[in-house]
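Colleague: Given next are the chains, with one letter for each unit.
4 protein chains.
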Amino acid sequence: MVKHEDALRRLKVIHGHLGGIIRMVEENAYCVDIIRQIQAVEAALNKVSAIILDEHLNSCVITAIQGEDADERERVLTEILDVFEMATKV
Amino acid sequence: MVKHEDALRRLKVIHGHLGGIIRMVEENAYCVDIIRQIQAVEAALNKVSAIILDEHLNSCVITAIQGEDADERERVLTEILDVFEMATKV
Amino acid sequence: MVKHEDALRRLKVIHGHLGGIIRMVEENAYCVDIIRQIQAVEAALNKVSAIILDEHLNSCVITAIQGEDADERERVLTEILDVFEMATKV
Amino acid sequence: MVKHEDALRRLKVIHGHLGGIIRMVEENAYCVDIIRQIQAVEAALNKVSAIILDEHLNSCVITAIQGEDADERERVLTEILDVFEMATKV
Chain A
14 MVKHEDALRR LKVIHGHLGG IIRMVEENAY CVDIIRQIQA VEAALNKVSA IILDEHLNSC
74 VITAIQGEDA DERERVLTEI LDVFEMATKV
Chain B
14 MVKHEDALRR LKVIHGHLGG IIRMVEENAY CVDIIRQIQA VEAALNKVSA IILDEHLNSC
74 VITAIQGEDA DERERVLTEI LDVFEMATKV
Chain C
14 MVKHEDALRR LKVIHGHLGG IIRMVEENAY CVDIIRQIQA VEAALNKVSA IILDEHLNSC
74 VITAIQGEDA DERERVLTEI LDVFEMATKV
Chain D
14 MVKHEDALRR LKVIHGHLGG IIRMVEENAY CVDIIRQIQA VEAALNKVSA IILDEHLNSC
74 VITAIQGEDA DERERVLTEI LDVFEMATKV
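Protein chains in written order, with my numbering: chain A, 14 to 103; chain B, 14 to 103; chain C, 14 to 103; chain D, 14 to 103.
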């Protein structure tokens, strides 16, 4: 079981950041400032995804690939490919 | 002054979604499921940015470009370019 | 009419770069090295898009927005929004 | 050794597509049409990267992770993380 302490801490900061963006919108902040803050949140979320993927590669993926179950190996590799393809789209 | 009602509503949903992701991490959900939810949040944030940019183009940008102030015109166009370049990076 | 000399020069360099990637694949280069070169080409293409958008904003967009034709104004602004939304997806 | 026949075929098509974009720029095509074609090339390149990553995961990565060399295992996993992080940026 992987514990994502760094990722969790970052997500809580991002959650607060997003709350701040909601207040900006409620107070009619300048459009471009809002968009820039949203882009900063997205960059921070990309970092969290990378941290979680790192932990995943070094735990579940190693276990699956070293295991005997060919279907499970195939499954974890397909998942990695899926998150990579999705990463090129968001 | 632009009111972003649709964007605001979406941001509140995304804020709740992100709260759910934090709980997933706290409860040690499967890594790939967490990453997929983060990517869903990013796609939703992209949509909010597009909505706000649309409103910005149809208000401030038109006003600035039709105005007499060349510096202000230059400023709003440079901002649009900046958010476009940043969009290709996050 | 806008002349894109800088963009053209960059595109020709990228075209050569892509030819080099094709040779890498033909010669069975290491997969990760190929992917990194593809990502370098994509970053270079993003820069070209930004250069062309900059020229577009400072010519056609200003002309359209200062013009009398409301449909034309709407059209150029919708186009900018479209390329922004697409930029968040590729 | 992995043979990337599908990737190679796609790269050659993309190379031709990029040549067409260069001609569009030389002939002063409409800016937004050029940007849209560049974005189409980027989407096609993302697909090639995914195909090559798929082949990489199912060959080198499996070999490395099932092998005895811990440094090699670490190296291939770090590479995957690197291309993922880069994918979120281009």
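Keep in mind that the hints are not guaranteed to be accurate.
Given that identical chains are not distinguished, each listed pair holds provided it fits within a single copy or across any two copies.
[Said to hold, decoys possible] In silico lysine to aspartate or glutamate, DMTMM-like type, Cα no more than 25 Å apart, as pairs: (1) 60 to 39; (2) 60 to 46; (3) 60 to 40; (4) 102 to 92; (5) 25 to 85; (6) 60 to 98; (7) 60 to 82; (8) 102 to 40; (9) 25 to 40; (10) 102 to 84; (11) 60 to 92; (12) 102 to 82; (13) 25 to 87; (14) 25 to 68.
Since the hints were derived computationally from the structure, they do not count as laboratory data. None of these values were measured; they are calculated from a predicted model.
Colleague: For every hint, state whether the structure bears it out.
Modeller: Hints, one by one, checked against the model:
1. 60 to 39: So residue 60 and residue 39 pass the 25 Å test across copies only (18 Å; inside, 28 Å).
2. 60 to 46: For residue 60 and residue 46, the Cα distance is within 25 Å both inside one copy (21 Å) and across copies (16 Å).
3. 60 to 40: between (29 Å within a copy, 20 Å between copies)
4. 102 to 92: both (16 Å within a copy, 20 Å between copies)
5. 25 to 85: For residue 25 and residue 85, neither the intra-copy (32 Å) nor the inter-copy (35 Å) Cα distance is at most 25 Å.
6. 60 to 98: Both: 16 Å inside a copy, 8 Å across copies.
7. 60 to 82: Classified as neither; 31 Å inside a copy, 28 Å across copies.
8. 102 to 40: Neither: 31 Å inside a copy, 28 Å across copies.
9. 25 to 40: both (23 Å within a copy, 15 Å between copies)
10. 102 to 84: Intra 27 Å, inter 31 Å, cutoff 25 Å: neither.
11. 60 to 92: So residue 60 and residue 92 pass the 25 Å test inside a copy (19 Å) and across (16 Å) alike.
12. 102 to 82: For residue 102 and residue 82, the Cα distance exceeds 25 Å both inside one copy (31 Å) and across copies (34 Å).
13. 25 to 87: neither (33 Å within a copy, 29 Å between copies)
14. 25 to 68: The answer is within: 19 Å in one copy meets 25 Å, while 30 Å across copies does not.
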